[in-house]
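Guided by the hints, dock chain H onto chain P, whose structure is given.
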Amino acid sequence: MIAPVRYQFALLVRSHRWIPPAVLFAVGVAFLGVAGPGSSSALAHGVDLSQGLAWSALILVPVEAWLTRAMLTAEPSAARACVAAAGGPRRAQLAALIAAVTMGAAFGLLGVAWEVFSLGVRRSVSTNSIMVGATFSDIGGGLAAALICLLVGSAIAALFNPPLIRRPAAAMLCTTGAVVLAWAWRASPANAAVRSVGYGAQEKSWPTGAALVAAIALLVVAWAVSAQVAARRQA
Amino acid sequence: MRLSLVGKRYGLRLPWVLRSVSLEIAQGALVRFEGKNGSGKSTLLRIIAGVSEPSRGTVTGRPATGYVPERFPPALPFPAREYLSHVGRMHGLAGRELASRIDACLDRLGGRELAGVPLRTMSKGMSQKVAVAQALLPRSGLLVLDEAWTGLDVEAKAALDDAVAARIAGGGSVVFVDHEPGRLAHLDAERWRLEGAAATRLTQPAVACGAADAAAAVRIEAAMAVNAPAGLAAELGAVPGVRSARSDGERLLVLAEPGSSDAVLRRILATGALHVLRVGAGPAPSEDPAGEGGP
Numbered sequence: 001m002i003a004p005v006r007y008q009f010a011l012l013v014r015s016h017r018w019i020p021p022a023v024l025f026a027v028g029v030a031f032l033g034v035a036g037p038g039s040s041s042a043l044a045h046g047v048d049l050s051q052g053l054a055w056s057a058l059i060l061v062p063v064e065a066w067l068t069r070a071m072l073t074a075e076p077s078a079a080r081a082c083v084a085a086a087g088g089p090r091r092a093q094l095a096a097l098i099a100a101v102t103m104g105a106a107f108g109l110l111g112v113a114w115e116v117f118s119l120g121v122r123r124s125v126s127t128n129s130i131m132v133g134a135t136f137s138d139i140g141g142g143l144a145a146a147l148i149c150l151l152v153g154s155a156i157a158a159l160f161n162p163p164l165i166r167r168p169a170a171a172m173l174c175t176t177g178a179v180v181l182a183w184a185w186r187a188s189p190a191n192a193a194v195r196s197v198g199y200g201a202q203e204k205s206w207p208t209g210a211a212l213v214a215a216i217a218l219l220v221v222a223w224a225v226s227a228q229v230a231a232r233r234q235a
Numbered sequence: 236m237r238l239s240l241v242g243k244r245y246g247l248r249l250p251w252v253l254r255s256v257s258l259e260i261a262q263g264a265l266v267r268f269e270g271k272n273g274s275g276k277s278t279l280l281r282i283i284a285g286v287s288e289p290s291r292g293t294v295t296g297r298p299a300t301g302y303v304p305e306r307f308p309p310a311l312p313f314p315a316r317e318y319l320s321h322v323g324r325m326h327g328l329a330g331r332e333l334a335s336r337i338d339a340c341l342d343r344l345g346g347r348e349l350a351g352v353p354l355r356t357m358s359k360g361m362s363q364k365v366a367v368a369q370a371l372l373p374r375s376g377l378l379v380l381d382e383a384w385t386g387l388d389v390e391a392k393a394a395l396d397d398a399v400a401a402r403i404a405g406g407g408s409v410v411f412v413d414h415e416p417g418r419l420a421h422l423d424a425e426r427w428r429l430e431g432a433a434a435t436r437l438t439q440p441a442v443a444c445g446a447a448d449a450a451a452a453v454r455i456e457a458a459m460a461v462n463a464p465a466g467l468a469a470e471l472g473a474v475p476g477v478r479s480a481r482s483d484g485e486r487l488l489v490l491a492e493p494g495s496s497d498a499v500l501r502r503i504l505a506t507g508a509l510h511v512l513r514v515g516a517g518p519a520p521s522e523d524p525a526g527e528g529g530p
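Residue numbers (this note's numbering), protein chains in the order written: chain P, 1 to 235; chain H, 236 to 530.
For the record, the hints were derived by calculation from the structure and aren't laboratory data.
If you're wondering where the values come from, they're calculated on a predicted model, not measured in any experiment.
Here a beta-carbon is modelled for each residue, glycine too, at the ideal position from N, C-alpha and C.
Honestly, I wouldn't trust all of these hints.
[Unchecked claim] The following label-pair restraints were derived from C-beta to C-beta distances:
1. Leu-247/H with Thr-102/P: 33 to 43 Å
2. Thr-176/P with Ala-433/H: 39 to 49 Å
3. Gly-406/H with Val-27/P: 54 to 64 Å
4. Glu-259/H with Pro-207/P: 34 to 44 Å
5. Ile-19/P with Ala-465/H: 52 to 62 Å
6. Ala-26/P with Ala-401/H: 28 to 38 Å
7. Ala-170/P with Leu-247/H: 15 to 25 Å
8. Tyr-245/H with Trp-185/P: 32 to 42 Å
9. Arg-291/H with Leu-24/P: 38 to 48 Å
10. Ser-239/H with Ser-137/P: 57 to 67 Å
11. Val-27/P with Ala-433/H: 56 to 66 Å
12. Glu-259/H with Ala-184/P: 55 to 65 Å
[Unchecked claim] Stretches of chain P that chain H covers, calculated by requiring three or more beta carbons in the stretch to come under 8 Å of a beta carbon on chain H:
13. 81 to 90
14. 227 to 233
So here's chain H without its partners, still in its complex pose:
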């Protein structure tokens, strides 16, 4: 699907929340939007999901869409199963297929026992499972997740990660916003930053980082503590402003954008599992940390 020169404001005298945003979401793509609070992430997700129409520009080619809103309200007068049946019917499901889809989505999130529970009486985490389940009802197409992980238990978070991976592998696309920088870092996400009502595409994750880009980067070398978690490099790779993050198990090499190297450095220090050895300009003599000598 494609967004062409999309602009959005909520009233004629109100400021533009988004201005001339153009982007394409390919089949099989995972797209992440980053930005400060109030930068228009949720608004853009709503436009992508088809919940809200843009004030300017066009959105074309949107497939079947499941949307998890930022805050899902439990104040609906239905038990979960009845609510999911209504949403499923709106997605064109019916009969046996609808029932099995509802079971599958609830099971996946570990929420089978929620089927008969009235939405009104649900806790934040329980209703968030229902919110995610309703978005997963369509088997394929686009999945739009606005901080969908918030409030889920660990198992359900992992299940949602898996559902995202499965959707991408199946040729669908997933667009998401999350305040956790390491979210879905193990998947190859296309990252966009929203700032000043405009969207700019950040560089692709580690694999796409070319030598020319690396020349202007800030290089941070660190030694990894014994207790450093396994996915640390991938997690740092998803931090805004990080071009690449690689490790050989003992040493970590991070290439950061010059403008955000301070923030990246702070983030590295905050992990508590890294000991910074060197900060410098440009790429390492050899791009492979394992190939370097001692500090």
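With the rest of the complex left out, here is chain P:
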């Protein structure tokens, strides 16, 4: 499985298709994360670390969906056919999905690191010392939320992009709709994960851990469907 993932990852990197989602993530995390959505004076009022972590996880849903779409549309079908002959069409499709998740995971880690260093570390003027305000539980919670959002983003894109939905307009409309739903719907694992970190209403719709299990289940189903259709319907 390493060889096909390596090929797909190289394809994603060398095609430069990762750049637009990377820009979205950078803008989302660096700018909106610090300023806080809907509040230009959030920094003055002190956006706390948990809110920053929640925001950087949230933005990962569309970023990973975009990365996955970029990956799934990067390879001409004849090139995919050569690769599928070498290792099977399912393996080739899963390799593409794994490559996109790998890059998304790197983005997520960078996002958490950025939030921790920008919001969790403060220089105290009075004592001229550095104060670390981030606890391990903050960071762990942020990483878990980012992971859940990553998996949800990948699952969405796997379900609403080629080979399942081939027409670009329909694919992008469905993907965007699903991302909004993942954000706003209280039963969505991404929504639950972000709220459990400390963003928005605090009451929990999922017990801790259940959101992760739900996200993994969603991912497994979405990837299985995508691989199945890639093997059966590729024309």
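Structure of chain H alone, referenced to chain P:
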């Protein structure tokens, strides 16, 4: 490897492209599929290559497979060598062996200078060499060629012919489709025809043509012009509907299927190097054209 009752359609409401196709590809076999455009040749090759799974039926016993698609796109962001390295690694090659295999495959097609060229900037012929090279990376096993000769220069075409012959001799198998009727006519190919979503096996080439079959055939005798190319009989032997084609250098005797004798006759006339002497039913009094008297 074996295909059992394979059926394929690309959607529930779409028509069947293939229906109940069963065939076996033995080690050392050369298999040719013929048929009109849209008869399902490419689809069947994709199923044989393992690129696409059948909607019905099973495919078992597929060895390591190299596949040359009908149209190979140059739109990949790699130089040829890097692309071939990726494909080679997927075939389980690594390190020094991978590098030497890539060199060997490119050299064979006269494309060593292509190694550092980005696929994006390649012409049709150059990228076709890369397409063939990636399929030749596995040393043995199955080779599936979907009009792989198209776009190659003469030397590379001959090199691919040789690679096919070597693969068969080495116990591998080769399955191919090509619009050129004389392609690989010098090798003993098993021919199949695709029509109406079904595959039917055509008679084997000349050597396998029995007397009983010959009885129902249309017999075409022709005199060969001085400028007739040497491989003409073999080329005609590969034309769909031809049971056998033999020549002694001066005369040519072709036995054609009754249903396609008109097409075969047209083909013979189109060569411009043959003068048709006689068309009749059944086998010649003696099966050897050299043994006959004058017309």
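Numbers of the earlier hints that this structure fails to satisfy, in rising order = The structure conflicts with hints 4 and 6, although it agrees with all the remaining ones.
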